[in-house]
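Novice: For reference, the chains in residue letters:
Number of protein chains: 10
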Amino acid sequence: MKLIRLIYASAARTEMSYAELTNILRTAEAHNGQQGITGILCYGGGMFLQALEGERAVVNALYNRIIADPRHEQCEILRYGRIATRRYDQWKMKFVGIDDPATAHRRDLVLRHSGTSNFTPLQMTGGQASALLYDLSHEFRIAA
Amino acid sequence: MKLIRLIYASAARTEMSYAELTNILRTAEAHNGQQGITGILCYGGGMFLQALEGERAVVNALYNRIIADPRHEQCEILRYGRIATRRYDQWKMKFVGIDDPATAHRRDLVLRHSGTSNFTPLQMTGGQASALLYDLSHEFRIAA
Amino acid sequence: MKLIRLIYASAARTEMSYAELTNILRTAEAHNGQQGITGILCYGGGMFLQALEGERAVVNALYNRIIADPRHEQCEILRYGRIATRRYDQWKMKFVGIDDPATAHRRDLVLRHSGTSNFTPLQMTGGQASALLYDLSHEFRIAA
Amino acid sequence: MKLIRLIYASAARTEMSYAELTNILRTAEAHNGQQGITGILCYGGGMFLQALEGERAVVNALYNRIIADPRHEQCEILRYGRIATRRYDQWKMKFVGIDDPATAHRRDLVLRHSGTSNFTPLQMTGGQASALLYDLSHEFRIAA
Amino acid sequence: MKLIRLIYASAARTEMSYAELTNILRTAEAHNGQQGITGILCYGGGMFLQALEGERAVVNALYNRIIADPRHEQCEILRYGRIATRRYDQWKMKFVGIDDPATAHRRDLVLRHSGTSNFTPLQMTGGQASALLYDLSHEFRIAA
Amino acid sequence: MKLIRLIYASAARTEMSYAELTNILRTAEAHNGQQGITGILCYGGGMFLQALEGERAVVNALYNRIIADPRHEQCEILRYGRIATRRYDQWKMKFVGIDDPATAHRRDLVLRHSGTSNFTPLQMTGGQASALLYDLSHEFRIAA
Amino acid sequence: MKLIRLIYASAARTEMSYAELTNILRTAEAHNGQQGITGILCYGGGMFLQALEGERAVVNALYNRIIADPRHEQCEILRYGRIATRRYDQWKMKFVGIDDPATAHRRDLVLRHSGTSNFTPLQMTGGQASALLYDLSHEFRIAA
Amino acid sequence: MKLIRLIYASAARTEMSYAELTNILRTAEAHNGQQGITGILCYGGGMFLQALEGERAVVNALYNRIIADPRHEQCEILRYGRIATRRYDQWKMKFVGIDDPATAHRRDLVLRHSGTSNFTPLQMTGGQASALLYDLSHEFRIAA
Amino acid sequence: MKLIRLIYASAARTEMSYAELTNILRTAEAHNGQQGITGILCYGGGMFLQALEGERAVVNALYNRIIADPRHEQCEILRYGRIATRRYDQWKMKFVGIDDPATAHRRDLVLRHSGTSNFTPLQMTGGQASALLYDLSHEFRIAA
Amino acid sequence: MKLIRLIYASAARTEMSYAELTNILRTAEAHNGQQGITGILCYGGGMFLQALEGERAVVNALYNRIIADPRHEQCEILRYGRIATRRYDQWKMKFVGIDDPATAHRRDLVLRHSGTSNFTPLQMTGGQASALLYDLSHEFRIAA
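Chains as they are written, first to last, in the numbering used here: chain E, 1 to 144; chain L, 1 to 144; chain R, 1 to 144; chain V, 1 to 144; chain Y, 1 to 144; chain X, 1 to 144; chain W, 1 to 144; chain H, 1 to 144; chain S, 1 to 144; chain U, 1 to 144.
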């Protein structure tokens, strides 16, 4: 059982509405539950940053479909590798919005891990993206 | 005194009833107490995952008998090695059932350490199996 | 300049003829020279194993096109990560055939790094695939 | 592809003749070639020490049959674990006799790695057995 | 996104008044907010010690301007390197005065990290300067 | 005695002629010999990549003058830090041209350490620039 | 000042009575206080396990006398080496009995660090004996 | 700024009275405050053990004067080296007496780090002396 | 099989003649060959330094007899511990004399590892004694 | 036996003539041979740099005398610590002159390890001084 985590960034072809994002997540959750995929998805300023965890073959099959999705482009893997333990196993796919003015503290986390407080994940290193996603998830974690 | 821990997985030839499992454990506890073997045994979906701790010769003699037991097949060692200290010394053989609907949180632990929440230990790496058994045992540990 | 190496395996939809493979390589070499991509491609028994080196964005753009190529399926990344230095910089894309009876020593290398001497890269770990490609390349390296 | 190496020792129920040992090896070579198993087998003073390399499931299936073989007893695993690369891939099953007076230097290797020059592998640690087998194999290795 | 931290020391050509320092900081904060620069600036006894964090190109462009500023001289980099995470991301540019008699505890920190309690940053190693700035910032940090 | 190595890249405002480069080097050698500075300077395609070694205060004073030199712009430090031993102590300032068609092997070294064989040092990481300079210097080293 | 810790095991020639053990300890405490020796002595089932701490020459002189004591035999050093700091400095010689039914928890500690709950220190490794003595001493430690 | 810590031991030519020790300390504090030296001085049974922290040149100049002081002899450095941070920066020179019957716990610390509870620092290793001084200082530390 | 190496030093009660030393060695070789003990023995200036290798119980039984031998006194263990592999397996007990004027180079080795060229092994650390014995044995080693 | 190496630098009060240096060395060699001290002494431009190896008490007694020698001043220890093995055991005190025009290659070594080719050991770190002395000694070493 080759468990991996894949983190990628991409650019939406057009800005996503709330309805479209909800639709993406609903599909993801249904699919991921069956396939044993867990993860987190961030969206902001027309950019996606997503972590996928699960079996190597399953995550790759999903990533191959994600690449083919016409709603985004410039898919680029930031980090990929074997993991001892899942990090996002509390969620089939947790969504975190970066744009919402009510959650300005999330932009502070963006600044901590990148060049400015603008969310530009395609410019980030794997380490920066991984740390940002982890910091963003703390707001939602249920204590073990 | 060569202390080792051996973790193996196997498949029951037919699904085990509660009575059969109880019988296996009663025999194991009687034998293990005399032989200085400690450990943990998980059963779910017709699959076994077991850790045995004790002297190298004693654990091997037991494993040789386990292999010959007609109630299961496909015995496969997942991890084996010298240990500094026992990890399951509170129990002659702790039993943990995975199937019981009342303990769904155990399936969450399965998901954390494998590809899905289905218990398929023959697919797990030694590290995944070892971590899963350790996490499962926390529910029962008595604080030192 | 985020230099990475991506190693993936895939299955040809139908066995490739020598002419088809030559065609693939000619296209790859022309493209890779412009884009600064270097690497190695193995083919045997209807399976591909390939390493791509270059800038992160360029390698990802190429991999996204590779996934969409209808001549193969089950594309699966075996290893991906930042590299300090290229390993295959002597070649725009070195081709190594595994099937040729005249090069049986290559199957010995397959055996050294996998379960049998059959070339089944989709079953390999990233470490096994990486070591196999490196061993296979020694036959062709020009001493520095 | 979970490659492992398993090293075990055992005691022959009766001293093996040259013909019996040849018979064992012929069977092993035929089986191992199909299954992708490589290794080395030492025999001396009625004791066996053997290393098996290959896929985890295949090596375990073979070890389960070995345990059931009535020609020996006290099978005990000395070392078991994931390997990056095979160490004995030049041989389907290399045989090394310890008793032959013409090869007294092999008993010097036994002394280097154990308490006396008597071959008593069931008393050895995994590290001692692994180093002894490796040293014994050097006599036969073909330079790469 | 190459995040770096640059720490430099320099000597004011003439002692700075409170008004001049305020002026420098106001300019810095306005500029840094746009450019994603964070940091800390210490002044005492006519000497500056400053840490700048941000993208490599942006921090260098700023440092090139700083060097050209006629209000100080002997600009010398004490430490420079990639960082995983910002350390001063709570501030566009935090100011800490060393001279103020009301904050004698800051001179105790100077003594801890240098030869005397006199603030002579041009004599400090990169490690000493980095640790002093970090210790000085604790007084102002907001718990996360 | 705080010995450091500073590696920076910059862009010439206009392409440098051979005479201009010779002039820069003659000045550098005269200055560096007096100041104990050693190093290596590469030029190609209008870009500079230079390593400076010496005492911290001396190297910084030189770098401050270099930044102010109107013949180039976008000066950016790629790596900076304490060194145990000089690496370029055979030269006051070794010059290596990248553009010369007679030395195409130097562009192969550029490819090994960056995204393409084009010399774009402002895009390189500190590690890539440091390794490239070191590889380029081997052509000229006198055996110790 | 070469501080060492020596841990040895031995077998009483005849079972020791409580009076005899008390006598041994009284002599040890008087001697050790003068010589700067500290330590712990366990007795159970006719077996001794003892740790001695102090100057190398002093501990060796004591051990040479211990070996000559006719009340026990088979003296065997389990661990010996330089120590940074004493571990049993609260006691000239702490006595811990393993046989007393009122302290069954001590036999649980024996099981944690050896093959069974029987106290057979001559079979233990140095690491097992050291960890067992340390665990046994916790019952008596006075918080610092 | 080369910060160092120097620990030395020496023997008083004649036992020091309380008045003499007070005199030594008064002089030390006056001098050390000006020179940026911090440290700790232990005296017991006619032996000194002292740690000096500060700039390398300053500490050496002081140590050269200490060696020339006729009140003690056999000055011997036990430990000397660069330090990242001062350990005794709360004190210009903290005095700790070992002889006072009211502070017997200090002799327990001597025992923990040396052969007996007699204070014989000239016999101690650098590590033992350093750990003893650190343990002795805890009694006086003001929480940060 | 717990292989250990024990290094001890001791003082002869009276200077040993060549005949006495030869007698000691003849007895040692006869005994050691049966017991699987290997090692090296140095004698000079009335002092012994010896390394013993073999099974833990066997080496301890021998050391217990050595301590009781009236021809020497002050037996002190300098180093003791588990070994992966014997270092002196070419010899049942190699003798190296330090006093012989014809082998002055051996006193140079003594100087390298101790305070003077006088052979005073009771003053040496375990590391010094181990390195000295190893250096002394090189003169006699047969290339493998 | 606490073997140490002490490296110090100092300034001659007046430039030393060849006769004076010869005199110093003759005295040193006579003394060092008796005391088991080995080392290396460099002189150039009125500055000394010396390494002393031997027992801790002996080296300290010698250093205390060196400090009191009126022919030099500003004695400063650059490095001091326990050593496993002597580095200069081929010489009672090797002399290396830095000023001689016939040995300009020695000034190249000075440049490699310090700010300029001027010999200013009081400015060097312990690491720089240690490496310089080691490099200077290679000219004189006799192959082992």
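The reader is advised that the hints may include incorrect statements.
Cut-off 20 Å, straight-line C-alpha distance, at most; resulting in silico cross-link-like pairs (SDA-like, lysine to any residue) [stated by the list, open to error]:
{"id": "1", "chain 1": "L", "residue 1": "Lys92", "chain 2": "W", "residue 2": "Gly127"}
{"id": "2", "chain 1": "H", "residue 1": "Lys92", "chain 2": "Y", "residue 2": "Asp108"}
{"id": "3", "chain 1": "R", "residue 1": "Lys92", "chain 2": "X", "residue 2": "Ser117"}
{"id": "4", "chain 1": "H", "residue 1": "Lys92", "chain 2": "Y", "residue 2": "Ala30"}
{"id": "5", "chain 1": "H", "residue 1": "Lys92", "chain 2": "H", "residue 2": "Leu41"}
{"id": "6", "chain 1": "S", "residue 1": "Lys92", "chain 2": "V", "residue 2": "Glu29"}
{"id": "7", "chain 1": "X", "residue 1": "Lys92", "chain 2": "X", "residue 2": "Ser117"}
{"id": "8", "chain 1": "Y", "residue 1": "Lys92", "chain 2": "E", "residue 2": "Arg112"}
{"id": "9", "chain 1": "L", "residue 1": "Lys92", "chain 2": "W", "residue 2": "Lys92"}
{"id": "10", "chain 1": "W", "residue 1": "Lys92", "chain 2": "W", "residue 2": "Arg13"}
{"id": "11", "chain 1": "W", "residue 1": "Lys92", "chain 2": "H", "residue 2": "Leu41"}
{"id": "12", "chain 1": "E", "residue 1": "Lys92", "chain 2": "L", "residue 2": "Asp69"}
{"id": "13", "chain 1": "E", "residue 1": "Lys92", "chain 2": "L", "residue 2": "Leu111"}
{"id": "14", "chain 1": "E", "residue 1": "Lys92", "chain 2": "L", "residue 2": "Asp108"}
{"id": "15", "chain 1": "E", "residue 1": "Lys92", "chain 2": "E", "residue 2": "Gly45"}
{"id": "16", "chain 1": "H", "residue 1": "Lys92", "chain 2": "H", "residue 2": "Thr14"}
{"id": "17", "chain 1": "X", "residue 1": "Lys92", "chain 2": "X", "residue 2": "Phe140"}
{"id": "18", "chain 1": "R", "residue 1": "Lys92", "chain 2": "X", "residue 2": "Glu55"}
{"id": "19", "chain 1": "E", "residue 1": "Lys92", "chain 2": "L", "residue 2": "Arg107"}
{"id": "20", "chain 1": "R", "residue 1": "Lys92", "chain 2": "X", "residue 2": "Tyr18"}
{"id": "21", "chain 1": "E", "residue 1": "Lys92", "chain 2": "L", "residue 2": "Asn118"}
{"id": "22", "chain 1": "S", "residue 1": "Lys92", "chain 2": "V", "residue 2": "Ala19"}
{"id": "23", "chain 1": "H", "residue 1": "Lys92", "chain 2": "H", "residue 2": "Ala61"}
{"id": "24", "chain 1": "Y", "residue 1": "Lys92", "chain 2": "Y", "residue 2": "Met1"}
{"id": "25", "chain 1": "Y", "residue 1": "Lys92", "chain 2": "Y", "residue 2": "Ala30"}
{"id": "26", "chain 1": "S", "residue 1": "Lys92", "chain 2": "S", "residue 2": "Met1"}
{"id": "27", "chain 1": "S", "residue 1": "Lys92", "chain 2": "V", "residue 2": "Ala28"}
{"id": "28", "chain 1": "E", "residue 1": "Lys92", "chain 2": "L", "residue 2": "Thr116"}
{"id": "29", "chain 1": "R", "residue 1": "Lys92", "chain 2": "R", "residue 2": "Gly33"}
{"id": "30", "chain 1": "V", "residue 1": "Lys92", "chain 2": "V", "residue 2": "Gly45"}
{"id": "31", "chain 1": "L", "residue 1": "Lys92", "chain 2": "W", "residue 2": "Arg141"}
{"id": "32", "chain 1": "E", "residue 1": "Lys92", "chain 2": "L", "residue 2": "Ser117"}
{"id": "33", "chain 1": "V", "residue 1": "Lys92", "chain 2": "R", "residue 2": "Gly33"}
{"id": "34", "chain 1": "R", "residue 1": "Lys92", "chain 2": "R", "residue 2": "Glu15"}
{"id": "35", "chain 1": "H", "residue 1": "Lys92", "chain 2": "Y", "residue 2": "Lys92"}
Residues from chain V that keep clear of chain S, each with C-beta distances beyond 12 Å, as calculated [what the hints assert, rightly or not]:
{"id": "36", "residue": "Gly45"}
{"id": "37", "residue": "Gly81"}
{"id": "38", "residue": "Gln90"}
{"id": "39", "residue": "Gly115"}
{"id": "40", "residue": "Leu122"}
Don't read these hints as lab results, they were simulated from the structure. Ideal Cβ placement from N, Cα and C applies to all residues, glycine included.
Novice: Within a Cα-Cα threshold of 20 Å, do Lys92(V) and Gly45(V) meet the stated pairing?
Specialist: violated (24 Å)
Novice: Mind checking the alpha carbons of Lys92(H) and Thr14(H) for me, to see if they're no more than 20 Å apart?
Specialist: The hint is violated at about 25 Å.
Novice: Taking 20 Å as the top limit, are the C-alpha atoms of Lys92(R) and Glu55(X) close enough?
Specialist: violated (43 Å)
Novice: For Lys92(L) and Lys92(W), compute the direct alpha-carbon distance and say whether it is at most 20 Å.
Specialist: violated (37 Å)
Novice: Sort out whether Phe140(X) lies within 20 Å of Lys92(X), counting only the CA atoms.
Specialist: holds (13 Å)
Novice: Tell me if the straight-line CA distance from Lys92(E) to Asn118(L) falls inside 20 Å.
Specialist: With a Cα-Cα distance of about 15 Å, the restraint between Lys92(E) and Asn118(L) holds, given a limit of 20 Å.
Novice: Hinted pair, alpha-carbon criterion (20 Å max): Lys92(E), Asp108(L). Please report holds or violated.
Specialist: holds (12 Å)
Novice: Holds or violated: are the alpha carbons of Lys92(E) and Ser117(L) at most 20 Å from each other?
Specialist: holds (12 Å)
Novice: Going straight from one Cα to the other, do Lys92(L) and Arg141(W) come out at no more than 20 Å?
Specialist: Answer violated: Lys92(L) to Arg141(W) is near 30 Å, above 20 Å.
Novice: Does the structure keep Lys92(Y) and Ala30(Y) at a Cα separation of 20 Å or less?
Specialist: Cα-Cα ~8 Å, so holds.
Novice: Holds or violated: Lys92(R) and Tyr18(X), Cα atoms, limit 20 Å.
Specialist: Roughly 33 Å separates the two Cα atoms, so the pair is violated.
Novice: Within a Cα-Cα threshold of 20 Å, do Lys92(R) and Glu15(R) meet the stated pairing?
Specialist: The given pair, whose Cα atoms are some 24 Å apart, is violated under the 20 Å limit.
In the structure shown, a violation is registered for the earlier hints numbered 1, 4, 6, 7, 9, 10, 11, 12, 15, 16, 18, 20, 22, 27, 30, 31, 33, 34, 35, 39, 40, in ascending order.
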